[in-house]
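In order, the protein sequence lines correspond to chains V and U. With the first letter of the first sequence counted as 1, position 162 gets the number 163 in my numbering; the numbers rise by one all the way through. With the first letter of the second sequence counted as 1, position 203 gets the number 205 in my numbering; the numbers rise by one all the way through.
Note that these hints are calculated values from the structure, not bench results. Errors might be hidden in some of the hints.
Just so you have them, the derived chain U footprint on chain V, three or more residues with Cβ under 8 Å [to be verified]:
no., region
1, 3–17
2, 65–77
3, 137–150
Okay, derived cross-link-like pairs now, DSS-like style, lysine-lysine, Cα gap no bigger than 27 Å in a straight line [said to hold, decoys possible]:
no., chain 1, residue 1, chain 2, residue 2
4, V, K90, V, K160
5, U, K159, V, K90
6, U, K221, U, K20
7, U, K159, U, K20
8, V, K27, V, K38
9, U, K91, V, K116
10, V, K90, V, K78
11, U, K105, U, K228
12, U, K20, U, K91
13, U, K221, U, K105
14, V, K189, V, K27
15, V, K189, U, K91
16, V, K78, U, K159
17, U, K20, U, K216
18, V, K38, U, K159
We put the beta carbon where it would ideally sit given N, CA and C, even for glycine.
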Amino acid sequence: MARYAYFVDLSICAGCESCTVACQNKNGLPPEQVFTKVHREEAGTFPAVTSTFVTTQCMHCDNPPCTEVCPTGASYKTADGPVVVDDAKCIGCRYCITACPYDARIVDEDERVVKKCTLCFDRLQAGQQPACVQTCLTGARAVGDLDDPQSPIHALIKKPNTIQIAGTSFFYRLPEGFARNVLPADFKASGATFAWQSIFQPIGQVMLAGVTGALLVSVVSNAINARRQQQEGGEAHGDH
Amino acid sequence: MAITKAVLTTEASRHEGKVYRFNLAERIAHWNHAITFLVLLFTGLGLVIRGLSTVLDREVLLSFGQIHRVTAILFTAVTIPVLFFGARKAAGEWVRSSFRLDKDDRKFLLRFYRDFFGLPVQLPPQGRFNAGEKINSMMQIIGWPVMVVTGWMLVYKDRLPQGLAQWTIAIHSVTALVLGCAVLGHIYLASIHPHSRPGISGMISGWVPSWWAKGHYRKWYDSLQK
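Extracted from the complex, chain U is given alone in its bound form (with noise of 0.2 Å):
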C-alpha cells in the first residue's frame, strides 16, 4: 500500500505541471504514419526529381524500388486500425475537427505567418489542434488514401488501361510532392521553430507542458480544467 501510494506520488510529480495531450495509440498511428511517409517520400523522390539519379547509384535507387513497396504495406495498414482500436473517440473527433475552421481559426490562418517568422503577435485562441495543424490534417486525411490506392494500383500499372496508368502516376506524384511540403512544415514547427517545439513532447511521452498548451490551445486547455 505504502509503495503503491508512493510510486503514484512520483508519477504525480513527474507530471507536475503538464497535461496528458496524446494516448499512447495516437502516438503509435502518429509515428507510423510519420515514419513510413516520410521513407516513401524519400525512397520515391527518385522518380519525381529527375536530378537524383545522376547523385544516387543504380543499384541504389533499384533498392529504394523494394524498400517503397515494403513500406508502403504498413503505411496502407497500420494506422487506422490503431487509431481504430486504441483512440476512436479522439480521432473521430480529430477528423471533424480538421474540418471546421472557426473565426478563430481563420484568423489564425492570416496571422500565422508572423509567428513563423519571429514577428511579433498576438495569435487567437485555438482548440485542441491550431488552424495550421487542422489544413495539415486536412492535406493528410484527404493525402492519405489518395497515396495509398493510387500506390498500389502503380504496383499492377502493367494491367490498367494505359490512359489511367498514366493520370495514376501524375495523381501520386503530385499529391506526394504537396503532402511533401506540409510534412516539411510539419516537421519544422515540431522540432526546430522555437515557438511551437515544445509541443513535441506530446508525441513523445504524451504529455505537454502546461504552459505551453495554455498559449497554444487556450481554448483546449480551459475545456480540461472544466
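Isolated chain V (complex conformation) (with noise of 0.2 Å):
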C-alpha cells in the first residue's frame, strides 16, 4: 500500500498546457474537456508586474466528499490515495460535482457518467508515472510515496516556498513573489453535505424503518386481537 502525494514546482511551470493535452489523450477527452487546467495569474503593481502559471486538478482530498454523496459508491478513495471512478456502478446523478470543492469532475454524455483525474492509476499500480508527469517538459510535476522513505517526493516537498493544500494530496513550490492565496484553497467540508449524509440521511433512513416497524407491530397485533375476538365469539356462540 501506498500513500501518494503529488507535488507541482510552479516556479519552474512553462505553461506549456502539454499535460492538459496529454491527459487528454490518456483519457479520450474531447478538446473542450479537461481534468488538467492551467492558468496565468499576476503580483505585482505595474509596472513591477510579475507571474506565474498555476495548474490544477482533483486535489485527491483526504476524505472526498464526492465519495461520500456517491449513493452507489462508484466514486471512491483507494487505499492508495487516489480518487477514482468505476464507470460501471456511475448512474450520472452528478452528485459529487455537487460536492467536489475544486471543480474537478466532468459529465461524459454520451456513457452518461462523470469522469476525472484518477491521477492516472493505473499506470502508477503498472510502475508508470502519470501521463501529466511523464510529459511536463520541465519536470515540474512529480508523484511519489510518501510512505516509502526512498522516494524523491520527500526532498521536493522540503523545497522553499512549498505549501501542502490542507486536507488534499496535493503540494504546490510557489514563484518568489506570490501568496499563497493563487493556490488552491485548502480543504473545508461543507456544512449542507455534513448535514445531509451525517445527520438528515441517517435520521430519515431510522424513521423510515422506525415506520415500516411499527406497521409491521400494527399488522401482528391486529391480527391477534382479530383471532381472539374470533375465538371470543366462537366460545360464546357455543354457549347458546
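Two chains, two frames, a set of hints: combine them into the complex.
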C-alpha cells in the first residue's frame, strides 16, 4: 500500500499546457473537456509586475466529499490515495460534481458517467508515471509515495516555498513574489454535505425503518386481536 | 320516463347505506398525487439508500432517473389544476381544516396509537378528516411545494451556486424520506388496517358505508344529516 502525494513546482512551470493535452489524450477527452487546467496569475503593481502559471486538477482529498455523496459507491478513494470512479457503477446523478470543492469533475454525456483525474492510477499500479508527470517539459510535476523513504517526493516537498493544500494530496512550490492565495484553497468540509450525509439521511432512514417496524407490529397485534375476538365469538356462540 | 325512474331507483338502491365523500376531481387529484409520489419515491430511493445500488443494475438505476423526471411533470402540473377546476371549495376547506387542530383532534392524536395497534379505545368525534389525516395533509401541503421547487432546481443543479445545490439536494432528500414515512402510514391505514380500510371506497367510487362514516367522522356525518 502506498500513500501517493503530488508535487508541482510552479517556479519552473512554463505554462505550456502539455500536461493538459497529455491528460486529454490518455483519457480520450474532447478538446473542450479537461482534467488538468493551467491558468495564469499575476502579482505586483505596474510596471513591477510578475506572473506565474498555476495548475489545478483533482486534489485527491483525504476525506473526499464526492465519495461521501455518491449513492452507488462508484466514486471511491483507493487505499493508495487516488480518488477514482467506477464507470460500471456511476449513474450520472452528478451529486459528486455538486460536492467537489475543486471543480474537478466532468460529465461524459455519451456514456452518462462522471469522469475525473485518477492520478493515472492504472499507470501508477503498473509502475509508470501519470501522463501529466511524464510529459511535463520542465519537470515541474512529480508523484511519489510518502510511505516510501526512498521516494524523491520527500526532497521535493522540502523545497523552500512549498505549501501543502491542507486535507489533500497536493503540494505546490510557489515562485518568489507570490502568496498562498493564488493556489487552490485548503480543503474545507461543506456544512450542507455534512448535514445531509451525517444528520438528515441517517435520521430519515431510521424514521423509515421505524415506521415500517410500527406497521408490522400493528399488523401482528391486529391479527392477534381479530383471532381473539373470533375465538371469544365462537365460545359465546357455543354457550348458546 | 319510466326508464329514467328505474335508473334513478337502481342508482338510489346502489348507494343505500352509503354517504358521498369525495367527488371525481378530488379522487383524480388524490390518485395523481399518490401514484406519481410513489413512483417518484421508488425511483428516487436509489439516491438516498446506498445499498440499493448493490441490488439494482446500473441500467435500471439510469432508467429510474428518466422515469423520475417524466413523472415529476405530472406530480407538478396535474393535482392543483384538477382541484382548482373540479373541487375548489372542498379543497379550500381541506387546506383550512388541515391546519386547525381542535380539542377533539388533540385528544385523537394522543389516543390513536391504541386503535393503530388494535387495543380498545374510545376515540373522540372527528370532522371530515381525522387528526391523523390532518397531520398527513399538512405534511403533503407543505411537502409538495418543497419537493417540486427543489426537484426542478436539481434538474438544473449544474447552473446553481455550489452551496445552494448542496442544500437543495439535502432538503429534497430529507423531505422525500419524511413524506415517504407519512405515505407508508397512510397506505397502511387506508388499505390494511381493519378499522380504517372500509374508507378506501371513498377514493374509488366516492361513496363510503354510512356506519363507517358515522363511527369515524361523527361530526362530519352529523353535518350531512342536517
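message: Hinted pair, alpha-carbon criterion (27 Å max): U/K221, U/K105. Please report holds or violated.
response: 13 Å, holds
- prompt: For the pair supplied as a hint, U/K159 and V/K90, is the alpha-carbon distance within the 27 Å limit?
  reply: 21 Å, holds
- prompt: Are the Cα positions of U/K221 and U/K20 separated by 27 Å at most?
  reply: 16 Å, holds
- prompt: Between U/K105 and U/K228, is the straight-line Cα distance small enough, at 27 Å or below?
  reply: 23 Å, holds
- prompt: If you look at each residue in the region 65–77 of chain V, do at least three have a Cβ nearer than 8 Å to any Cβ of chain U?
  reply: holds (count 4)
message: Closer than 8 Å Cβ to Cβ for three or more residues is the test here. Does the region 3–17 of chain V pass it with chain U?
response: violated (count 0)
query: Hey, V/K38 versus U/K159, does the alpha-carbon distance stay inside 27 Å?
result: 23 Å, holds
task: Take a quick look at whether V/K189 and V/K27 sit within 27 Å of each other, Cα to Cα.
output: 30 Å, violated
message: Checking one constraint from the list: CA of V/K27 to CA of V/K38, max 27 Å. Satisfied?
response: 15 Å, holds
- request: Apply the coverage criterion to the region 137–150 of chain V and chain U: a residue qualifies when its Cβ sits closer than 8 Å to a Cβ of the chain, and three qualifying residues are needed.
  value: Three-residue rule not met by the region 137–150 of chain V, so violated; n is 0.
field: Straight-line alpha-carbon gap U/K91 to V/K116, limit 27 Å
entry: 53 Å, violated
- prompt: Taken at face value, is the distance from the CA of V/K160 to the CA of V/K90 at most 27 Å?
  reply: 41 Å, violated
In this structure, the earlier hints numbered 1, 3, 4, 7, 9, 14 and 15 are contradicted, and the remaining ones agree with it.
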